[in-house]
Amino acid sequence: MRSMRKSVLRPMGGAVLLVALFVGATGCGEPEAFKVSEACGIKFDPELVGRLLPRGDDLKSDDTFSEPKQFRCEFAVDGQEQVGLRGDVVEPFVKPLEVKESVMLRLGNPAPADIGDGATIADHGAMALQACTYKGEKMQYVLSIDGVEDPKDTAERRRLLEEFLRSQLPVTMEAEGCLP
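According to our numbering, the sequence shown holds residues 1460 to 1639 in order.
Result set (DSS-like, lysine-lysine): computed pairs, CA atoms no more than 30 Å apart in a straight line:
hint : residue 1 : residue 2
1    : 1611      : 1559
2    : 1554      : 1594
3    : 1502      : 1597
4    : 1502      : 1559
5    : 1559      : 1597
6    : 1594      : 1559
7    : 1528      : 1597
8    : 1502      : 1611
9    : 1519      : 1611
Hint data in this document are derived by calculation from the structure and do not stem from the laboratory.
Turn these sequences into a full structure, and let the hints guide you.
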């Protein structure tokens, strides 16, 4: 089948942001993975986010709840909310991996990962943190992703979550003005 290109443009001040999509079909009629190069004001490796989303025809991103120091991006496929991203600038004394331990347990089998100043990868989400300087003050940046159900193979999903954190932690930190 022929590939189609779809994009959603965010009106000034609106909630839906630019998401570059390339939706196609394989020989079995199933759509290909989305390719997302930018969403919610953040640049992404075009291959990464799409591999963590279910296949579908329509992808939208929403940053309605984003505020300074609190990046939020929700991805919906075919009208169903799927994956959520959060980025937070927090005080250096906060211990995000301990505070969110119960959340990571609910996401399934959390295990530490060697990313930034600490990370946890679970079956359906992940979190990493890195010390940074925000507006001249020592802070920490925490990036988390949850609601990840794809790919169906858990080992592959966990590998992609780790790859996502390694790639996106420095990008989202910089976008939020939290510099190493």
